[in-house]
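Asks: Chains as they are written, first to last, in my numbering: chain D, 1 to 194; chain R, 1 to 194; chain X, 1 to 194; chain H, 1 to 194.
Note that these hints are calculated values from the structure, not bench results.
Treat the hints with care, as some may be off.
Remember, identical chains collapse to one label, so a pair may be satisfied in a single copy or spanning two.
[Stated by the list, open to error] List of simulated lysine to any residue pairs, SDA-like, C-alpha gap at most 25 Å: (1) Lys145 with Gly131; (2) Lys3 with Val67; (3) Lys132 with Ile172; (4) Lys26 with Leu44; (5) Lys147 with Val39; (6) Lys132 with Lys147; (7) Lys26 with Ile157.
4 protein chains.
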Amino acid sequence: MTKNRLEAFSDGVLAVIITIMVLEMKPPQGASLAALRPVTPIFLSYVLSFVFIAIYWNNHHHLLHAVERVNGATLWANLHLLFWLSLVPFTTAWMGDDHFASCPVALYGIVLLLAAIAYYILVRTLLALHGKASTLAISIGSDRKGKISIAIYVPAIPLAFVRPWISWICFIAVAIIWLVPDRRIESRISRQDA
Amino acid sequence: MTKNRLEAFSDGVLAVIITIMVLEMKPPQGASLAALRPVTPIFLSYVLSFVFIAIYWNNHHHLLHAVERVNGATLWANLHLLFWLSLVPFTTAWMGDDHFASCPVALYGIVLLLAAIAYYILVRTLLALHGKASTLAISIGSDRKGKISIAIYVPAIPLAFVRPWISWICFIAVAIIWLVPDRRIESRISRQDA
Amino acid sequence: MTKNRLEAFSDGVLAVIITIMVLEMKPPQGASLAALRPVTPIFLSYVLSFVFIAIYWNNHHHLLHAVERVNGATLWANLHLLFWLSLVPFTTAWMGDDHFASCPVALYGIVLLLAAIAYYILVRTLLALHGKASTLAISIGSDRKGKISIAIYVPAIPLAFVRPWISWICFIAVAIIWLVPDRRIESRISRQDA
Amino acid sequence: MTKNRLEAFSDGVLAVIITIMVLEMKPPQGASLAALRPVTPIFLSYVLSFVFIAIYWNNHHHLLHAVERVNGATLWANLHLLFWLSLVPFTTAWMGDDHFASCPVALYGIVLLLAAIAYYILVRTLLALHGKASTLAISIGSDRKGKISIAIYVPAIPLAFVRPWISWICFIAVAIIWLVPDRRIESRISRQDA
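All chains should be built: construct the whole structure from the sequences, respecting the hints.
Replies: Right under this line is the structure:
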């Protein structure tokens, strides 16, 4: 039951985050195709953020699927993750408004990095609760994707001051790593369900 | 369980989309009836979009009712659908602000078309998972309504540059097609439940 | 299951409506107590609307508690109700911005009236599905409160053009009628549960 | 079931509140680090409010975990709590916009105080329903934290007119009191579950 409500609240917060970001895309002045031009960077930022929030929802979902119980520490580790994700609409709007200038792109990367660290802490908290022999521990394994993501975010932040598009390539690289489905967990779960 | 969470997240996103659209209807300047005049096109756009999101919620609900399991591909096909629907508040606001000019109406149609294609992909993904002999496959049948909708959206987009109201007639036609209840699925399900 | 998802979606929409209304209360210019003055009518409108949405959530909850099944007509009757309620943030904002001028107050009343009628239709649709001998039919009885509300809203709308505060007294009267708990349904249900 | 829907609606409202607050953090004008400076007080206010809403969600969750049934009075006591919490985005925005001036900080404290009183009423309503020998009554005990919070809020409000940062220290003190996990309830529940 506790786990269900944790999922329900997280789903609610993620659903609101992913949807209110679109409010930052103000309808353009004028009705011509050209009027859409200044909206383009905001739209691209929106797409990237939508994909990231969607990845977090997906991972969160897979993670909690394998979880058997939660405690107070888990609730706060989860809220900590939601805190950083709740800042994504703000960093997305700034990055889009300023056509991918260095500072906003770096801040976007910092928030993604802090969210990745928060996710890592959530995973560790759950592992501490379930023990090394649990389905959860086996499914997560060495959590390579999580570690690689952090390893990519760290250089992506200073690189925004060299060329912001290099940071963007880093962000897209992380997204692609996660979009390739994590066969291990799924196969492990379906094997166990069988 | 996985299916429940997919439904819960989709419900959350659709509930937020359908509700935040109303934020684009800014309270008019002045307290007279005449002050409501400029709000009228925004209100009409809102009604149309409310009906479309409601139809998607309804169809999504019926579709998942017949679904037995979901996998990673389903989750992403569903998120892809939610992405296009999340753009509806933006296109609705632009269309309303510019009193049904050609470009905004065409963009509105494009987003509806892409959402319809995303829904089609979601249905295919679920069918691939359940097989041709499943309740799902039998309930969906030839998916005539889905195909007709796409066939109406495609000409509706260029027609916005001839006369925007012709596109509106197309959109309303699609809405009416879906509002007529899909007796087949309901009867099939209730027969099976019995 | 279908009923659960109807409840979940309605809860989502009502939760968003009740919460985004507060976004219309813009933080005042200046940091003095006097700066709060112009916010007062917006705050009072917000309180009234919060109470009305809360009443609808409560009634909706009690209504569906006694419901055994839903069909396509129910889903649309429910969406119709949510449509009128989704306009409440708009009418609330207009009424608050214009310090209770006649037109905004009348429009506020019209939306409440249409929501009340939509609720009445939802009740009828559910009764038609469950039959006269059902727990639902017995719990609802003659639906006196629903009918009285409509009877109060109808004169409240034109009275806004005489004195807007008369309409407000009508709205508050309806709210009080509903806030007095409907002992009949609760006692009926708890008796049946026993 | 009634309890589930109470939880679902509360989760929805709290999820929206916690997320829309970020909309008050408007993307800064300009793309330099210096442009972030004026956003700092808004960000700090956001962090404080996020923590408070998170604490309420957590407490609400623990409270309802031990609850066995709810009635009409509970539903309204819960809505009363949600009402005061729904004002948090407004007071947060005003406090942030005006760089922690006396009036906004005092109003922020007033809303927190009223929310704390509303939570106290909710607890009393649930206790009245469950009786002194219930798991709920034993878990809550003397509700020391609730009483201490109120005792801190009361002086914090006038102190905002002496030095606003003294009020902030009070608010942070309350947050820390709650962040220290309430071992009693958790241990009581897990003992009972065992």
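Asks: So, for every hint listed, does it hold in this structure?
Replies: Here's how the hints hold up against the structure:
Taking the shortest Cα distances, lysine 145 and glycine 131 sit within 25 Å of each other inside one copy (21 Å), while across copies they are farther apart (33 Å). In the homo-oligomer, the alpha carbons of lysine 3 and valine 67 lie at most 25 Å apart both inside one protomer (8 Å) and across protomers (17 Å), since each shortest distance falls under that limit. Taking identical chains as interchangeable, the C-alpha atoms of lysine 132 and isoleucine 172 are never at most 25 Å apart, the minima being 33 Å within one chain and 37 Å between chains. Taking the shortest Cα distances, lysine 26 and leucine 44 sit within 25 Å of each other both inside one copy (14 Å) and across copies (19 Å).
In this assembly of identical chains, lysine 147 and valine 39 lie within 25 Å of each other by CA distance neither inside one copy nor across copies; the values are 34 Å within and 31 Å between. In this assembly of identical chains, the alpha carbons of lysine 132 and lysine 147 lie at most 25 Å apart only when taken from the same copy (19 Å versus 41 Å across copies). Taking CA atoms no more than 25 Å apart as the test, lysine 26 paired with isoleucine 157 passes between copies only; the shortest distance there is 22 Å, against 28 Å inside one copy.
Checked against the numbered hints given earlier, this structure breaks hints 3, 5; the rest are met.
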